[in-house]
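J.: Going line by line, the protein sequences match chains A and B. Everything in the first sequence is counted per my numbering, starting at 1 for the first residue and increasing by one. Everything in the second sequence is counted per my numbering, starting at 1 for the first residue and increasing by one.
I should point out that these hints are in silico values taken from the structure, not numbers from a laboratory. A few of these clues could be false.
Facing chain A, a subset of chain B residues (Cβ under 7 Å, in silico) [to be verified]:
1) 34
2) 37
3) 43
4) 52
5) 55
6) 59
7) 329
8) 387
9) 407
10) 409
11) 413
All C-beta atoms, glycine included, are put in the ideal place defined by N, C-alpha and C.
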Amino acid sequence: MSTAQQNMSLTGEPPKSINFQQKLAGFTGLSGLTILLLAYFNTAFPDKGLWLTLALVAITAGTIWFAGASYGHRHKGIRNDGVFFKSLSGRGLWGWFLGIFITGFYIILYFYPEYMGLVKEGENTGIIALFDPLSRALSGNPASQWFVYGTLYTVAILAFGIKFIWKYRHNNYEIIRTLSVMFFQTAFAFLIPEIMARLNGKLPYYDLKNIWPLNYYNFEKYRVNGFIDAGDVGMAMLIFGVLSIFVISPVLTYFFGKRWYCSWVCGCGGLAETAGDPFRQLSDKRLFAWKVERWVVHSVVVFVTLMTIAVIYSYLGNDTSKYWLTKDLFLLGSAGILTLVFALVMIFRRDQLKKDATYGAIGYFVIIIALVGFHYISAEGNVFLFKSESLRKWYAFLIGAVFSGVIGVGFYPIFGSRVWCRFGCPMAAILGFQQRLFSRFRITTNGGQCISCGNCSTYCEMGIDVRAYAQKGENIVRSSCVGCGICSAVCPRGVLKLENGPLKGRIDSNQVLLGNDVDLMTLVNIK
Amino acid sequence: MEHIVIIGNGISGITAARHIRKLSDKKISIISAETDHFYSRTALMYVYMGHMKFEHIKPYEDWFWPKNKIDLIRGYVGEVDTKNKRLKLENDSEIQYDKLIIATGSKSNKFGWPGQDLPGVQGLYSRQDLDLLEENAPNRQLCRRAVIVGGGLIGIELAEMLRSRDIPVTFLVREKSFWDVVLPDDDSKMLNEHILEHDIDLKLDTNLVEILADDHGRARAVTTDKGETIACNLVGLTPGVSPNVDFLKNSGIALGRGVKVNRFLETNIPDIYAIGDCAEQHEAIGNRRPIEAVWYTGRMMGETLAHTICGNRRPYKPGHWFNSAKFFDIEYQTYGWVFNTRGKKEYEEHFHWRHPVEKICITAAYHRETRKFLGINTFGIRMKHEVFDAWLTEERNIDFVMENLSHANFDPEFYGKYERDIHNDFTKQFSPASL
Chain A
1 MSTAQQNMSL TGEPPKSINF QQKLAGFTGL SGLTILLLAY FNTAFPDKGL WLTLALVAIT
61 AGTIWFAGAS YGHRHKGIRN DGVFFKSLSG RGLWGWFLGI FITGFYIILY FYPEYMGLVK
121 EGENTGIIAL FDPLSRALSG NPASQWFVYG TLYTVAILAF GIKFIWKYRH NNYEIIRTLS
181 VMFFQTAFAF LIPEIMARLN GKLPYYDLKN IWPLNYYNFE KYRVNGFIDA GDVGMAMLIF
241 GVLSIFVISP VLTYFFGKRW YCSWVCGCGG LAETAGDPFR QLSDKRLFAW KVERWVVHSV
301 VVFVTLMTIA VIYSYLGNDT SKYWLTKDLF LLGSAGILTL VFALVMIFRR DQLKKDATYG
361 AIGYFVIIIA LVGFHYISAE GNVFLFKSES LRKWYAFLIG AVFSGVIGVG FYPIFGSRVW
421 CRFGCPMAAI LGFQQRLFSR FRITTNGGQC ISCGNCSTYC EMGIDVRAYA QKGENIVRSS
481 CVGCGICSAV CPRGVLKLEN GPLKGRIDSN QVLLGNDVDL MTLVNIK
Chain B
1 MEHIVIIGNG ISGITAARHI RKLSDKKISI ISAETDHFYS RTALMYVYMG HMKFEHIKPY
61 EDWFWPKNKI DLIRGYVGEV DTKNKRLKLE NDSEIQYDKL IIATGSKSNK FGWPGQDLPG
121 VQGLYSRQDL DLLEENAPNR QLCRRAVIVG GGLIGIELAE MLRSRDIPVT FLVREKSFWD
181 VVLPDDDSKM LNEHILEHDI DLKLDTNLVE ILADDHGRAR AVTTDKGETI ACNLVGLTPG
241 VSPNVDFLKN SGIALGRGVK VNRFLETNIP DIYAIGDCAE QHEAIGNRRP IEAVWYTGRM
301 MGETLAHTIC GNRRPYKPGH WFNSAKFFDI EYQTYGWVFN TRGKKEYEEH FHWRHPVEKI
361 CITAAYHRET RKFLGINTFG IRMKHEVFDA WLTEERNIDF VMENLSHANF DPEFYGKYER
421 DIHNDFTKQF SPASL
């Protein structure tokens, strides 16, 4: 061994190459992707059904094979070796390439579906045409850009879900949770709506697990009419939609925390947890980011609330003899509910709000109520100063498309996998509000065992500085926590545990660090 | 305003500074030669392994220090002038203090092996060691084999680090079984198996004799007392640490192996204190060693001393012993005292349970006659600190602990539960003769 080489070691790099099997697996997956790209560029495939099957099978098999080649020969346990050295997961060149590629895909999907081959009148072309056979088999209709998207989305959650399970095969919580998101995506988001469309053509497309305000369009006129026209099934679904906001989700969040939705059921969460898992460590942990998060995400809640009230208001009538729910009743009812929530929080939970949260809550409450009041002295037609239609359009563009899709997923390799969930999702904000103030869920810390290593904070996709709590021996009760369980998994000293328990003593800002022999029993009793 | 100067920005010094700030408005300065900011020493390994970047192992953002008016000074203290209460840094600047806290931690042990100072030979303790490792062992092309000498916690961490880059590792352990100076034989045996599972060439009962140099003066091989010569590019010396106190030799501060302190963490000179790895108790506290080089004890001493400095003089009164570590994929926690097989007290009895397939086991220690529970080692099962702390304080007996073990479980939801198996095994093996 020559020493000249030894001195060169100063420029040595840690290994980050992939093994031979991984290369083959990558090739298989990419060949599937190539078929889709060829279709996108209007290659005429003779047997579309066959080629589509080939493409999807190759992508799925390639991903699973890659996972096997990555984790199969290694011992079960945490395998984050080289995460920050790899270009893709360490915000390197490949990370940026992938980010730009996905962003481009979303821009075309949302704003230029004709480039994907969508033809309004007549036969589809391009990649959408490739998906026609599958769509016809399921719903009887030709494919749309949303069908293509939904299929690829489901394939991604399934294939990367298996990869995730392989990676965390020592951890039952992660396995069961991932099977859950895979099931809900395949059944609820993909199959059931297509089959319902076949059974009852009047029913609007409805992913039952997609709850307002995540599906901000659920109560728009055409959908409500669709539900009503579809008869009892439709009415049942409409009632389910309302119940899921006001009853089902608060009750489940009370018992289990918002994780029941965000990391067990939700499709956005499902993609973030599976395909997005290699990027979870890229979330911003700074205190500054948390401040931005609180203002942005709650502003989105206010926006979606105003928008929905305005939209529903716009199509209701004034005549009580035609329908019981009139414009005035609806507007006053909405204002009443908001006032009730505001009053309950201010009376029972005021001490748990930070100063800026109190200011924010009061500020937004005043704005909403003022707008409702303002309506009565302004001209008929425009609730909240703007036309309801333009409010809806702007929300759909800014939040529904740009934030959740283009930025939310497109920027996975840059900002981490939960940018949308953290900064943009109004559903997550509402569930988080319930979780912070009224839920049995918390992450407990294990006495004095924390060594402040930072694995928990680094791998928190929501950018929570978990360590800041753990090293003080404080429970973690944060509205943004989606309960993915990874902080607990990566902790090398067994410090963190996700738990449901009584509300009393849940938020303990006292520092309880075992070690020094203080009057321990008093502390334990308080806890 | 009283000026508190702390030498060392590790967990002890930083904890002291944070608590002094909580309790008072005193001027606080922290001097470190190692880094600008506090980082978690125990997490250095994850930086080399690529799990985290260095910035991630800093527990506080950089604005934290000015915001809390804690001055950070980068420099090496060459001399402590106790008469004039003055520190002399190596760059010749001087710092006046009213109270001085020595929290300089440890340095890696070297036992006079021939060749121990050659390039390519290093310990693993500081940020500088990490940078050096990146040079000495960046990948398996440039480091074709590493030899690690010293079978303790740092040694096995270094082995795990090098394996994360696929570098072949030979692990020389003086003892007959890994870490059996601390662990009971059964626990230690399971770890031996796990070390081998990770493709480490584990050589037990083997001592380093000499490190050989190549033509350019770099380490090229080691020889062992078994007559073997092992070619390597890196020699990791990890036979423990000792207090980093050489700079105090002529200061008049009483030194043993470390800085001698009383139970109040005071040295022989008024207004000078020592905490953490570098402090040496005149008399050991309970079963503890006079020098405790452990993260947790450093933190506890820092907190205690802050109270003393802020006018509420308090002895260092550590509660029940606890510790933890991770050996590759096996998490280890210990509460109370479980001594190794040869070192255990004459009254100490052990109950060992091991999972038939998985690398999971526990060893519980208890008093043979009174059946008082003394402590527990757990491998692969997470247990609650609070619960064991309470049981030890309440002086529960082993039968109670085994029966209620599930109350102490801290594993994530949906994990397999082994407490019933453990309890069944225990009642089978160890029920009192009278029953």
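J.: Against each hint, give a clear statement of whether it holds in the structure.
T.: Structure-based check of all given hints:
| no. | hint | result |
| --- | --- | --- |
| 1 | 34 | violated (16 Å) |
| 2 | 37 | violated (13 Å) |
| 3 | 43 | holds (4 Å) |
| 4 | 52 | holds (5 Å) |
| 5 | 55 | violated (9 Å) |
| 6 | 59 | holds (4 Å) |
| 7 | 329 | holds (3 Å) |
| 8 | 387 | violated (9 Å) |
| 9 | 407 | violated (13 Å) |
| 10 | 409 | violated (9 Å) |
| 11 | 413 | holds (5 Å) |
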